[in-house]
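**Q** Now for the letters of each chain:
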Amino acid sequence: MMLQIEHLNIAFPNPKGHFEAVKDFSLHVEEGQVIGIVGESGSGKSMTAHAIMGLLDRKSVKVSGSIRFEGVELLDLTRTQMRSYQGKDLSIIFQEPMTSLNPTMKIGPQVEEALRIHTKMPPKERKQRALEAMALAGLPNGEQLYHQYPHQLSGGMRQRVMIAAALVLRPKLLIADEPTTALDVTIQAQILDTLREINRKEGIAILFISHDLGVIRALCHHVVVMQQGEIVEAGDVEQVFHHPQQGYTQRLIASRPTRTKLKAGGSHG
Amino acid sequence: MMKTLVKRVLLLIATLLLVTILAFVAFSIIPGDPTSSILGVEATPEQIAALRDRLGLNLPIWQRYLHWLGGLLTGDLGESYNYGMPVAQLLATCVTHTLTLAVLAFVLIVAISLPLGIIAARYEGGVVDRVLTILNQITMSVPNFVAGILLVYVFGLVLRLFQPGAIVSPQTGWGPYLWYMLFPALAVALPRSAMTVKMLRGAILSELGQDYIRTAYSKGNSKSSALWRHVLRNAMIPVVTFLAMTVADIMAGSIVVEQVFGIPGLGKMLVTSIGNRDYPVVQAIVVLIATVVVVCNFAADLLYRVMDPRLRGR
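Chains as they are written, first to last, in the numbering used here: chain H, 236 to 504; chain C, 6 to 319.
FYI, nobody ran anything at the bench for these hints, they're computed from the structure. One or more of the hints may lead you astray.
A short, non-exhaustive set of chain C residues, derived as facing chain H with CB atoms under 10 Å [to be verified]:
| no. | residue |
| --- | --- |
| 1 | I66 |
| 2 | R69 |
| 3 | Q215 |
| 4 | D216 |
| 5 | H235 |
| 6 | P314 |
Simulated coverage check for chain H against chain C, where a stretch passes if three residues somewhere in it have a Cβ under 8 Å from a Cβ of chain C [stated by the list, open to error]:
| no. | stretch |
| --- | --- |
| 7 | 317 to 325 |
| 8 | 337 to 343 |
| 9 | 365 to 378 |
Under 7 Å between C-beta atoms, here's a sample of chain H residues computed to sit facing chain C [claimed, not checked]:
| no. | residue |
| --- | --- |
| 10 | E275 |
| 11 | A284 |
| 12 | M288 |
| 13 | L290 |
| 14 | T334 |
| 15 | E348 |
| 16 | L418 |
Predicted model, so just to flag it, every value in this text is computed and none were measured. C-beta: ideal position from N, C-alpha, C; glycine also.
Could you build all of it, start to finish, from the sequences and the hints given here?
**A** If you want it as C-alpha cells, here you go:
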C-alpha cells in the first residue's frame, strides 16, 4: 500500500468552537492507481489534498488521524522532514494555472526547481530533465518556452507547465486539485488525455479532485464522494455513476449539463 | 521595448521643458523688482532704467525665456544679480553639498530599510517585528528637522562625534567630509526608512499569501528559500516606485536639514536668493532639483520594466 489515510480529521479551531472541514476520512491508494475525489465546493476535498502534501498551516489548522506514505506517518514529520517528500515523491497541481506560477520567473527555472532543491544535478542535466518533463506534459516546444515568462502563455499551457514541474522528479503520487476547472472544455479534455498518458507511461498514481463526476469518470478507476467533510459514497467509478446509492451523488450527476437540459434552458431565455 | 524607451525619453524632455517654463514664468510674475534689491531704495529712476536695460528686463517675457533657455542648454546659467558672478560657479560647491547629502541619505534608506523590512516580514509577529513596528511608528511621525536637532544634540553635543556647524570641506578630505554629512543624511533618511520598512514588510506579506508561493512550498522550498527565490523580486516592484518618489522627498528634506546642520548647500542658497530676488540663481536651483527628481523617476520606470516581465514591451 503506497498511501494509506485513516480517520483523517481536519479542524480549524476558533474562539466560537471548532470548524471541522474533514471528518473521519479514509482512503487507500495503490501504486499506479487513478483515484477520484468528487464533491461540491466546501466539501473538504482540497483540504484533504493539502493535508497529504503537508501544505496546511500548522499553527491555525489541527490535523489528526493518520496519513501513511510507504509506511511513514506523514503527520508525525517535522516541517523539514516533510520537505523531502514535497515535489519529490508527492507532487501537486492546482486549480488556478494563472496565478500558480511565479510571474517574474522564467518557465525553465520553475519547471526544474524541484531538481534544484532535491538533487545536486548540474544545470545542463537539469535543463535536459526539464525539457523531458515538458514533453511528457504535452509541451513539445520546451526549448522555446524555457526562456519565456508565464504571462506569455495561455491558461492551458500554464497548467501543462505546472504538470511538467510536478513531474520533473517522477513522483509516486500526483495530486491534481481541480486542475481543469479554470480551463475551457476542449483544453480540459486535452489535459485529461495528458494525465491519462502520464499514468499509463510512467505508472504515476494520480489523486484527481473535481466537483465534476463526469471528468472523474473519464479518468479514474475508483471514486470517493465527499459531502460536508465526510465520505458519503465510494467505489468503482462506473458503479457509482450508473447506480448512485446516495441522493447527494444522484444530485451531483444530475447537476451536470446535458444536451436536453441545455435545450430546455435555452427556451427560457 | 525600443519604442517605449523613445516615448519615455520624449516625455522626459517635455516634462523638463515644462519645468523650465514654470520656473521662469513663476519668478517673472511674482511682485518685487530685482533692481531695488541690487541698487537699494535710494536709486534714481535713471539708474533703475539703466540696470533694467542691462539685465534685459525690458524685453518681452518670451524673448527673455528663450534667451535663458538657450543659455541653459549650452551650460550658461546666467549671472547672479547679487553676487555678480556666474551662477554655475556660484552653485558648484552648494550642489556638491546637497547632492552628497541626498545620495548619502538614499544609500542609508536602502541600507536600513531593506534588511529590516525583510526581517520584520520573515519573523512576522515575533519580537523583532513588534519592536520594529513601534519604532517605525515613532520614527515616521518625527519630522526630519526635529530628527536633525536631536542628532545634533546627541551625537554632536553629548557624544561629540562631530562638531555641529563646523563643516569640513571635501578639499580637506572626503573621509571627514562624509563623516560630517552622515549625520544630516541620517536625519533625512530616518523618517523615510521607517516608511520603506513598513511598505516592504507589507509587500512581502502580501506576496507570501499568493498562489505561486503555495506552489513553491509544494516543491519542497523552505520559508527562507521561498522568500529569497520567489517573494523578494515580486515584493520589490512596488518598493522601487516608492523609493523613486523618495528622491523628491530627500531633495526637499535636505534643504531643511541643511539649515539645522549649518551646511551651505542649495537650500541655504535658495532661501537667500529668493530674499534677494536673485532670479537667475533661484531658477537654476529649481530647474536643477526638478531635473534630479524627474530623471530619478525615469530611471525607476526603466528599472520597473526590467523587474516586471509583464510590463516589458508595453
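**Q** Now, for every hint given, state plainly whether the structure supports it.
**A** Cross-check of the supplied hints:
no. : hint       : verdict
1   : I66        : 50 Å, violated
2   : R69        : 50 Å, violated
3   : Q215       : 7 Å, holds
4   : D216       : 4 Å, holds
5   : H235       : 5 Å, holds
6   : P314       : 4 Å, holds
7   : 317 to 325 : holds (count 6)
8   : 337 to 343 : holds (count 4)
9   : 365 to 378 : violated (count 0)
10  : E275       : 22 Å, violated
11  : A284       : 10 Å, violated
12  : M288       : 6 Å, holds
13  : L290       : 6 Å, holds
14  : T334       : 4 Å, holds
15  : E348       : 5 Å, holds
16  : L418       : 16 Å, violated
Going through the hint list in order, the structure does not satisfy hints 1, 2, 9, 10, 11 and 16.
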